[in-house]
Amino acid sequence: MSIRVRLQSPHAAPADFDFAGPEIAIGRAATAGLVIQDSRVSRQHARLVQRDGQWWVEDLGTRNGTLVNGTPLEGARPWRAGDRLQIGDATILFLAPEGGHAVAADPADPAPAAGRETAWANRDGARMSTLNEIHRALAGPLTVPALLDLILARCFDVLHPEEGAILLRAPDGAMVTAASRREGAGPTVAVPRRLIDEVAGKGQPALVLDAAYDDRFAGSQSVMAAGIRSIVAAPIIDADGTLGLITLCSRLAVRKFTQPDLDMLVSIASAAALRVRNVALAEALAARRVIEHELALAHDVQMSMLPRRLPARPEVLLGAQLKPAREIGGDLYDFVVDGDRLWFIVADVAGKSIAAALYMAIVKTLFRATARDGADVEAVAARMNGELARENESMMFVTAAIASLDLGSGELALVDAGHNPALLIDPRGRASVLDVAKGVALGVVADAAYRARRIQVDAGATLILYTDGMTDARDVGGMMFGEPRLHAAVVAAAGAPPGALVAQVMGDVERFATGAPPEDDLTLLAVRYLG
Numbered sequence: 001m002s003i004r005v006r007l008q009s010p011h012a013a014p015a016d017f018d019f020a021g022p023e024i025a026i027g028r029a030a031t032a033g034l035v036i037q038d039s040r041v042s043r044q045h046a047r048l049v050q051r052d053g054q055w056w057v058e059d060l061g062t063r064n065g066t067l068v069n070g071t072p073l074e075g076a077r078p079w080r081a082g083d084r085l086q087i088g089d090a091t092i093l094f095l096a097p098e099g100g101h102a103v104a105a106d107p108a109d110p111a112p113a114a115g116r117e118t119a120w121a122n123r124d125g126a127r128m129s130t131l132n133e134i135h136r137a138l139a140g141p142l143t144v145p146a147l148l149d150l151i152l153a154r155c156f157d158v159l160h161p162e163e164g165a166i167l168l169r170a171p172d173g174a175m176v177t178a179a180s181r182r183e184g185a186g187p188t189v190a191v192p193r194r195l196i197d198e199v200a201g202k203g204q205p206a207l208v209l210d211a212a213y214d215d216r217f218a219g220s221q222s223v224m225a226a227g228i229r230s231i232v233a234a235p236i237i238d239a240d241g242t243l244g245l246i247t248l249c250s251r252l253a254v255r256k257f258t259q260p261d262l263d264m265l266v267s268i269a270s271a272a273a274l275r276v277r278n279v280a281l282a283e284a285l286a287a288r289r290v291i292e293h294e295l296a297l298a299h300d301v302q303m304s305m306l307p308r309r310l311p312a313r314p315e316v317l318l319g320a321q322l323k324p325a326r327e328i329g330g331d332l333y334d335f336v337v338d339g340d341r342l343w344f345i346v347a348d349v350a351g352k353s354i355a356a357a358l359y360m361a362i363v364k365t366l367f368r369a370t371a372r373d374g375a376d377v378e379a380v381a382a383r384m385n386g387e388l389a390r391e392n393e394s395m396m397f398v399t400a401a402i403a404s405l406d407l408g409s410g411e412l413a414l415v416d417a418g419h420n421p422a423l424l425i426d427p428r429g430r431a432s433v434l435d436v437a438k439g440v441a442l443g444v445v446a447d448a449a450y451r452a453r454r455i456q457v458d459a460g461a462t463l464i465l466y467t468d469g470m471t472d473a474r475d476v477g478g479m480m481f482g483e484p485r486l487h488a489a490v491v492a493a494a495g496a497p498p499g500a501l502v503a504q505v506m507g508d509v510e511r512f513a514t515g516a517p518p519e520d521d522l523t524l525l526a527v528r529y530l531g
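Residues in the sequence shown are numbered consecutively from 1, following the working numbering.
You may find that some hints are simply not true.
Claimed, not checked - Quick list of in silico lysine-lysine cross-link-like pairs, DSSO-like style, CA-CA up to 27 Å:
#, residue 1, residue 2
1, Lys-438, Lys-364
2, Lys-323, Lys-438
3, Lys-323, Lys-364
What the hints assert, rightly or not - Quick list of the computed label-pair ranges, beta carbon to beta carbon:
#, residue 1, residue 2, range
4, Pro-10, Asp-238, 41 to 49 Å
5, Gln-204, Arg-84, 38 to 46 Å
6, Gly-460, Arg-383, 28 to 36 Å
7, Arg-289, Asn-392, 33 to 41 Å
FYI, nobody ran anything at the bench for these hints, they're computed from the structure. Ideal Cβ positions, reconstructed from N, Cα and C, are used throughout, including at glycine.
Using the sequences plus the hints, can you model the full thing?
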């Protein structure tokens with residue numbers, strides 16, 4: 001049922017408005033159906049509503065009140081053609097007959113039509129101005145919580161709900177409340193699941209005129225108990241999907257949302273979507289940069305724990321290289337000279353985490369503390385294992401090849417604690433695998449015993465120790481480098497000094513795996529005995 005009203009005010013020319021219902025809000029707010037610019041008028045002052053086939057007028061509990069035909073209006077009463085509303089210094093006339101057909105304006109009087117167009121233009125201009133303010137505000141440097149609070153604040157400024165909430169999708173896919181706001185006291189109303197499914201699940205905005213008669217709220221005790229009747233909700237959605245939703249609600253006596261309100265909220269949600277995504281990405285990027293910086297520092301610290309200079313003794317030539325697969329790794333090599341004995345170790349901590357890097361530091365400390373004072377290699381391995389296994393609640397462990405070489409006699413003692421087999425290149429460049437009793441990895445069994453293999457190393461022979469990252473390296477097709485290729489690469493480089501040998505073999509592995517992401521740290525150590 002349509003209605004035509006005339007707004008008369010001392011501040012503007014009279015203007016006629018046609019409404020189709022079912023409700024017209026009257027007040028100072030820019031989003032009201034009938035806007036009255038008067039400081040004595042509340043933002044939501046009164047409303048016209050259709051009930052039982054006729055129009056009613058209702059005061060919304062304002063301080064300055066509403067007059068109908070000169071009589072103060074209390075609550076709601078029918079409004080008929082010819083009735084006059086007095087709100088502030090403005091007068092509103094009912095021009096339509098009770099049957100609901102609008103009365104045509106006087107053709108000789110162009111003011112009503114011109115005034116009506118001006119009023120609608122003013123209201124649309126106010127909405128556009130508000131949206132422009134929102135876009136400008138959202139462009140500022142904000143965190144996600146501050147951004148969400150700002151969005152809700154703008155929604156309250158423009159649409160005047162009693163309560164509002166912004167829900168965002170959590171990593172597990174659930175919609176959780178990220179921001180909320182309420183005018184006045186009272187419990188926060190939970191957003192019904194069916195509304196969330198409709199708005200966030202289907203990406204469709206929703207307008208609820210009266211929750212009491214809407215199937216989506218059947219059984220929603222929190223909504224009914226709070227007296228909430230009118231709800232408007234819009235998805236926060238971008239090209240990558242639905243990020244969340246904005247929902248606003250109010251009692252009918254305070255605010256009944258309309259289609260223009262929903263359109264406005266959809267515009268606000270669209271403006272918010274890109275900013276929410278961008279701010280979240282920016283914060284994630286900033287956090288990632290902090291982590292990357294910390295990992296870079298950890299990498300530098302870890303690399304500084306490797307020997308800066310290899311021992312310089314006339315009896316041997318040495319070469320070693322470690323390349324972590326990620327910023328930090330769990331591989332280790334080290335050398336210790338104890339009198340006329342050269343100790344060396346290659347180890348691989350289980351895992352490639354920060355914990356593995358810390359464990360690697362412990363392994364190095366234990367090796368340097370025990371490989372001295374004439375100890376034998378079995379005792380060094382046993383002592384390191386006992387310390388690592390003690391109170392090892394995290395169940396970390398490390399495989400290791402631990403060796404000592406008598407620089408005078410050329411006697412080599414080697415322990416294999418669950419590690420890759422060592423290679424020995426004889427002076428003529430032929431490779432063989434050293435048969436060493438396989439012991440348990442360090443840190444697994446506290447009282448484990450280890451047996452060393454003792455051999456006489458000929459002058460010109462080279463011992464090769466490595467971690468499984470060398471043999472487990474894969475190409476883009478998933479094929480492993482493997483031990484046969486490693487042996488062939490070592491033999492091909494056998495004539496080079498140990499430093500060059502290590503670099504050449506390491507390069508062979510990296511070229512093989514070009515294009516495939518590294519799966520493990522690469523560590524290679526070479527000791528050539530000169531006699």
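How the hints compare with the structure:
For the proposed pair Lys-438 and Lys-364, the alpha carbon gap of about 21 Å is at most 27 Å, so the pair holds. For the given pair, Lys-323 sits about 26 Å from Lys-438 by alpha-carbon distance, which is consistent with the 27 Å threshold. The straight-line distance between the Cα atoms of Lys-323 and Lys-364 is roughly 17 Å, inside the 27 Å bound, and the hint therefore holds. Range check, Pro-10 to Asp-238: Cβ separation about 48 Å, and the 41 to 49 Å hint holds.
At about 42 Å, the CB distance of Gln-204 to Arg-84 agrees with the hint of 38 to 46 Å. Distance hint for Gly-460 and Arg-383: a CB-CB separation of about 33 Å, consistent with the stated range 28 to 36 Å. A C-beta distance of roughly 34 Å is found between Arg-289 and Asn-392, which places it inside the suggested range of 33 to 41 Å.
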